[in-house]
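A.B. asks: Based on the sequences and whatever the hints tell you, model everything.
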Amino acid sequence: MPYVPQDVLDRIASLEREVKQLRGRAQIRPALNQVLGGDVVIGEGGQLIARTPGGQQTFVVGQTPQGDWGVGLYRQDGSAALTVGDDNLADSQMIRMWSRDATAPDGERILIMDDAWSDRFLGRPSMPIPMQSTAGQTTSSTTPTSAWTGGSRLTNAVLYAAFETYTPAGVTADVVFEDSDGAVESWVANTSNGWTFHDLTKPVRQKFMEHVNYRLKHSVRSGSGEIRTNCLGVYTRHTFTPSEAP
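The numbers in the sequence shown follow the working numbering, run straight up by one, and end at 246.
Careful: at least some of the hints might be erroneous.
[What the hints assert, rightly or not] With a Cα cut of at most 20 Å, we get these calculated DMTMM-like pairs of lysine to aspartate or glutamate: (1) K20 x D10; (2) K202 x E226; (3) K207 x D179; (4) K207 x E244; (5) K202 x D181; (6) K207 x D174; (7) K207 x D181; (8) K202 x D114; (9) K20 x E44; (10) K207 x E178; (11) K202 x D119; (12) K207 x D114; (13) K207 x D119; (14) K202 x E244; (15) K207 x E226.
[What the hints assert, rightly or not] Label pairs and their in silico Cβ distance ranges: (16) A183 x G225: 23 to 29 Å; (17) T143 x V84: 51 to 57 Å; (18) G78 x I42: 17 to 23 Å; (19) D119 x T143: 18 to 24 Å; (20) L111 x A183: 19 to 25 Å; (21) T241 x T172: 55 to 61 Å; (22) T241 x L111: 30 to 36 Å; (23) A183 x G54: 24 to 30 Å; (24) T241 x L82: 23 to 29 Å; (25) T103 x F240: 21 to 27 Å.
By construction, these hints were calculated from the structure, which means they are not laboratory data. Predicted model, so just to flag it, every value in this text is computed and none were measured. Think of the CB as a built atom: it goes at the ideal place given N, C-alpha and C, for glycine as much as any other residue.
C.D. replies: Okay, here's the thing in structure tokens:
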């Protein structure tokens with residue numbers, strides 16, 4: 001077939017077909033539901049939020065309306081499950097795990113957390129310190145005698161201990177509670193023919209996860225007769241105020 005040169009109209013028609021083809025391809029874009037390379041940045045007060053069809057927030061990361069930056073995981077009913085961010089008392093960026101009881105006050109819902117006021121200690125759970133009685137729990141000695149002993153690895157920032165000492169009529173007793181570094185607190189029991197209650201709350205003096213030994217000693221200061229000291233409980237807990245932080 002002999003070659004027939006295209007005229008100007010043929011060339012224009014060919015260009016129009018190519019332009020239409022390019023336009024069609026330009027409208028075909030990949031689905032924007034994957035990040036295959038690079039970073040997704042949430043900044044300048046923004047948040048990335050996931051919500052259920054009913055509008056309940058189940059995940060959020062970014063800057064909160066209160067101004068701090070944090071992460072939150074929530075159950076499908078919208079109640080908190082795990083959060084990292086400020087609390088209402090301290091700019092502490094606490095990690096907190098919440099119970100499923102959304103009707104309870106916030107302070108009662110937190111199962112696990114770090115300490116708001118002491119950066120190096122666990123806040124919750126509170127840790128009991130097991131104490132064992134000795135043969136000296138009842139004594140008439142005027143020399144300090146061990147009545148209770150115990151030990152534990154330290155995880156919380158505040159130590160609490162409670163004891164009661166029986167002194168018969170005319171007898172006064174000296175009582176001292178010690179840890180591995182020496183006396184924590186001492187007091188006098190002098191209730192005539194009755195029990196003297198004493199409790200103490202102190203910031204701990206040791207490091208996180210350090211093993212600490214505890215000992216309760218008592219002795220007769222004056223008078224004659226047997227004294228007896230009961231341990232009502234020893235445990236560590238989180239700080240309630242900044243002044244309790246070690």
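A.B. asks: Now look at each hint and say whether the structure bears it out.
C.D. replies: Cross-check of the supplied hints:
1. K20 x D10: Distance ~16 Å between K20 and D10 Cα, so the pair holds.
2. K202 x E226: Distance ~29 Å between K202 and E226 Cα, so the pair is violated.
3. K207 x D179: Since the Cα atoms of K207 and D179 sit roughly 13 Å apart, the hinted pair holds (cutoff 20 Å).
4. K207 x E244: 15 Å, holds
5. K202 x D181: 13 Å, holds
6. K207 x D174: Outside the cut-off at roughly 29 Å; violated.
7. K207 x D181: Satisfied, since the Cα-Cα distance of roughly 12 Å is no more than 20 Å.
8. K202 x D114: 18 Å, holds
9. K20 x E44: 41 Å, violated
10. K207 x E178: 16 Å, holds
11. K202 x D119: This hinted pair holds, its Cα atoms lying about 17 Å apart.
12. K207 x D114: 15 Å, holds
13. K207 x D119: 12 Å, holds
14. K202 x E244: 7 Å, holds
15. K207 x E226: 38 Å, violated
16. A183 x G225: 23 to 29 Å: Once the Cβ atoms are compared, 25 Å apart, the range 23 to 29 Å for G225 and A183 holds.
17. T143 x V84: 51 to 57 Å: 53 Å, holds
18. G78 x I42: 17 to 23 Å: Holds - the Cβ-Cβ distance for G78 and I42, about 21 Å, lies within 17 to 23 Å.
19. D119 x T143: 18 to 24 Å: 42 Å, violated
20. L111 x A183: 19 to 25 Å: 35 Å, violated
21. T241 x T172: 55 to 61 Å: With a Cβ separation near 34 Å, T241 and T172 fall outside 55 to 61 Å, so the hint is violated.
22. T241 x L111: 30 to 36 Å: Violated: the Cβ-Cβ distance is about 22 Å, outside 30 to 36 Å.
23. A183 x G54: 24 to 30 Å: Cβ of A183 to Cβ of G54: about 59 Å, so the range 24 to 30 Å is violated.
24. T241 x L82: 23 to 29 Å: 26 Å, holds
25. T103 x F240: 21 to 27 Å: 24 Å Cβ-Cβ, so the 21 to 27 Å window holds.
Hints 2, 6, 9, 15, 19, 20, 21, 22 and 23, counting from the list given before, are not met by this structure.
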